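Undergrad: Whenever a hint applies, use it, and build me the whole structure from the sequences.
Each residue of the sequence shown is one higher than the one before, counting from 4 in my numbering.
FYI, nobody ran anything at the bench for these hints, they're computed from the structure. Quick caveat: nothing in here was measured; it's all calculated off a predicted structure.
Per label pair, the in silico range of CB-to-CB distance: (1) Glu38 with Val293: 35 to 43 Å; (2) Ala395 with Ile52: 39 to 47 Å; (3) Val293 with Gln244: 16 to 24 Å; (4) Ala306 with Ala55: 33 to 41 Å.
Straight-line alpha carbon distances no greater than 25 Å define the calculated DMTMM-like cross-link-like pairs of lysine to aspartate or glutamate that follow: (5) Lys281 with Glu330; (6) Lys281 with Asp396; (7) Lys36 with Asp364.
Backbone N, C-alpha and C fix where the C-beta goes; we use that ideal spot for every residue, glycine too.
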Amino acid sequence: MERPTDRNPALLVASAGLRAALFPIPVITLFWKDEIGMSLTDIMWLQAIFGATAVIFEFPSGYVADRLGYRRSLLTGALFWFAGWIAYALGTTFGGMVFAEVLLGVGLAFISGADGALLFVSLEAGDSVARYGRWEGRVRAASQTSEAISSAVGGWLYSIAPRLPLWAQAPIAAANLGAIAAMREVKPAEAGERMSHLVRAWHIVRHALVRHARLRTAMTLSVALGISTYVAVWLIQPWMQQRGIPPAWFGPLWALAHLWLAAASLFSATTARAFGLKPTLLGCSVIAGVSYLGLAFSSSSLALVFYLGFMTVRGLQGPLLATVLQEATPSEDRASVLSLNALLFRLAAVVVLPPIGALGDYFGLEITLGLVGILSLIAALGAWAAFALAHADAT
Numbered sequence: 004m005e006r007p008t009d010r011n012p013a014l015l016v017a018s019a020g021l022r023a024a025l026f027p028i029p030v031i032t033l034f035w036k037d038e039i040g041m042s043l044t045d046i047m048w049l050q051a052i053f054g055a056t057a058v059i060f061e062f063p064s065g066y067v068a069d070r071l072g073y074r075r076s077l078l079t080g081a082l083f084w085f086a087g088w089i090a091y092a093l094g095t096t097f098g099g100m101v102f103a104e105v106l107l108g109v110g111l112a113f114i115s116g117a118d119g120a121l122l123f124v125s126l127e128a129g130d131s132v133a134r135y136g137r138w139e140g141r142v143r144a145a146s147q148t149s150e151a152i153s154s155a156v157g158g159w160l161y162s163i164a165p166r167l168p169l170w171a172q173a174p175i176a177a178a179n180l181g182a183i184a185a186m187r188e189v190k191p192a193e194a195g196e197r198m199s200h201l202v203r204a205w206h207i208v209r210h211a212l213v214r215h216a217r218l219r220t221a222m223t224l225s226v227a228l229g230i231s232t233y234v235a236v237w238l239i240q241p242w243m244q245q246r247g248i249p250p251a252w253f254g255p256l257w258a259l260a261h262l263w264l265a266a267a268s269l270f271s272a273t274t275a276r277a278f279g280l281k282p283t284l285l286g287c288s289v290i291a292g293v294s295y296l297g298l299a300f301s302s303s304s305l306a307l308v309f310y311l312g313f314m315t316v317r318g319l320q321g322p323l324l325a326t327v328l329q330e331a332t333p334s335e336d337r338a339s340v341l342s343l344n345a346l347l348f349r350l351a352a353v354v355v356l357p358p359i360g361a362l363g364d365y366f367g368l369e370i371t372l373g374l375v376g377i378l379s380l381i382a383a384l385g386a387w388a389a390f391a392l393a394h395a396d397a398t
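TA: Here it is in structure tokens:
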């Protein structure tokens with residue numbers, strides 16, 4: 004007999020795909036500069052405000068999801084997400100862009116963690132928790148495929164009317180809201196002992212980052228690998244410009260890279276079964292750093308193939324480490340822990356990105372890529388060694 008929650012995994016895949024359909028992404032900088040009149044400094048401040056918003060709401064929203072319900076948290080996030088894109092389409096000033104980014108940041112925070120937790124408990128309710136890794140891979144594959152397709156279309160929409168990609172987000176965000184509304188709630192588990200919300204939240208943080216070596220090292224490796232691939236997103240476009248790749252090709256190349264990423268996500272569980280979890284993550288730790296070095300030392304545009312290394316790492320490590328975090332976390336705290344992991348990533352990005360930008364301005368792109376590659380290897384391999392030690396009984 005089909006349970007009401009049996010539809011949740013497929014609906015979560017659909018929601019992830021709709022949320023990742025981002026038509027403005029390949030042209031958003033052009034929109035900010037040409038339509039709003041923002042300078043590069045304004046753009047960096049805007050991203051800092053978005054990051055700060057996500058950091059402020061990330062862990063509290065996950066904690067609320069664990070206590071009040073994952074579906075309720077997802078609905079709240081989807082409403083903010085929809086409102087954010089409407090605000091973007093109507094905004095005409097820097098202040099309007101800030102307002103839109105804050106709405107999107109709050110929406111993303113309420114969704115982050117709650118989606119993965121609802122997926123896990125829905126499969127758990129249907130005695131299918133062993134398939135979590137496969138479903139997580141499908142979620143990520145749907146996201147990356149959707150982003151690839153929407154990116155390829157976004158540039159064409161922008162050429163018709165600059166605000167058309169933004170208005171195209173509105174029906175997509177509404178469809179995402181509908182997909183979440185069709186989900187069924189799985190009652191969050193009761194905490195093992197009664198305590199105040201603040202005390203409980205602090206207990207979760209201490210448990211994950213201090214007492215529980217498996218969680219701590221999994222989060223550390225997740226942040227190290229996540230940052231190593233995230234930085235590349237900001238450096239690859241100026242690298243492509245310097246290698247003489249026409250801007251008209253940026254959209255299709257971005258789309259192809261994300262299709263590669265989707266395939267890596269889809270086959271992440273299969274790869275881990277074939278080679279083992281720790282060897283696969285070791286390979287990810289090496290590939291990211293080597294990809295930076297390949298871009299740094301090659302003057303040919305054909306070296307763009309190294310960018311696929313970052314996509315491979317993103318596609319593999321995300322589902323694998325998400326599974327590790329889910330399995331090591333008490334059921335009543337899953338959204339909190341996933342949100343804490345996302346919060347640590349965002350904090351790391353806020354700390355890391357500005358110095359890397361300064362390095363690029365002062366020393367040039369090639370030297371910066373080389374330095375980032377070396378630092379990435381050191382950080383990722385160190386985090387992997389700690390992870391392997393804490394998971395000595397795993398394959």
